[in-house]
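As they're listed, the protein sequences go chains G and C. Read in order, the letters of the first sequence correspond to residues 1 to 133 in our numbering. Read in order, the letters of the second sequence correspond to residues 1 to 86 in our numbering.
None of these hints come from the bench; they were simulated from the model. Take the hints with a grain of salt, since some may be wrong.
As the list claims (entries may be wrong) - Only pairs whose alpha carbons sit at most 25 Å apart, straight line, appear in this in silico PhoX-like list of lysine-lysine: (1) G:K43 <-> C:K52; (2) C:K52 <-> G:K72; (3) C:K2 <-> G:K2.
In this text the structure is predicted, and so the values were computed from the model without any measurement.
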Amino acid sequence: MKIRLDHGLAYVEAALAFRGKTLHLDSVILDTGSASTLFASDKLLEIGIVPEPSDSLKRIRGIGGVEFVFTKHIDRLAVGEIAIVNFEIEVGAMDYGFPAQGILGLNFLVQAGVLIDLHRLELRPARPEHLDR
Amino acid sequence: MKWTEVRSQFPHQWLVIEALDARSELGKRLLEELAVVDHCPDGESAMRTYLKLHRQAPDRELYVLHTDRENLEITEQNWLGIRAAG
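The shape of chain C in the complex, shown without the other chains:
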């Protein structure tokens, strides 16, 4: 599904979304094909659902999104990460 379809099928809702197809371009993440994983009563429960799913399967590309959002503007940022000793 495209974001416009998600918005019309799930208006004014908090969703946990999985990007099935996405690409990176000019510092932005463009989500081409989306699947609705869950819909939640508020942002807090959507975030809690996301945290649980992300920990079960960190390789899935998941987002917490509200369908009042017209355009998906997702900035990409690189981070070298932390290296602990021992």
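If we strip away everything but chain G, and leave its shape as in the complex, we get:
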């Protein structure tokens, strides 16, 4: 998966699978400074990722302010050939003043054992079992 640089930030593409539907996002920020992985609710509503009574709730407090998020286990999160099944994401408003449909955080990157190559500007799977075949 190629990494695209824009305004000094690293963007990748991601595909989310949820209850038989798939959503492709092309502006997801690669962020090793975020523990969790977050996506913009506006896009996710399109494939039926909506709040449900039993979702876990969080309040994210950051420099850009405070926002409420709910968490959801999606069937699969794929970044190019790197994929994790039954992955927990957070869903929120994501109004941070720059274009982003999601934040790919350290939980995905560590769990998938991703190699971040900033010389060739690409993400690669370190372990073959995470290759999406």
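Since chain G is already given, all that's left is putting chain C on it; use the hints.
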């Protein structure tokens, strides 16, 4: 209103809630005083209402909650945020 009162007044409903008084303790957000901002037919419309209100007034502490939820368990998480260039 407390959450127990909200639950009895609006049973089995999706609500957009504003926390008028809240505090943070041991990694949890405790909502002491609540106001019901809107009630919605389903989770999707509640989320859309929340997104609109949050963008109009980001300083309001708003939540999307279903009153079948017995206890409000809200985990707090800090995030340094993104710093873009230019």
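Tested hints:
1. G:K43 <-> C:K52: Holds, at about 14 Å.
2. C:K52 <-> G:K72: holds (21 Å)
3. C:K2 <-> G:K2: violated (50 Å)
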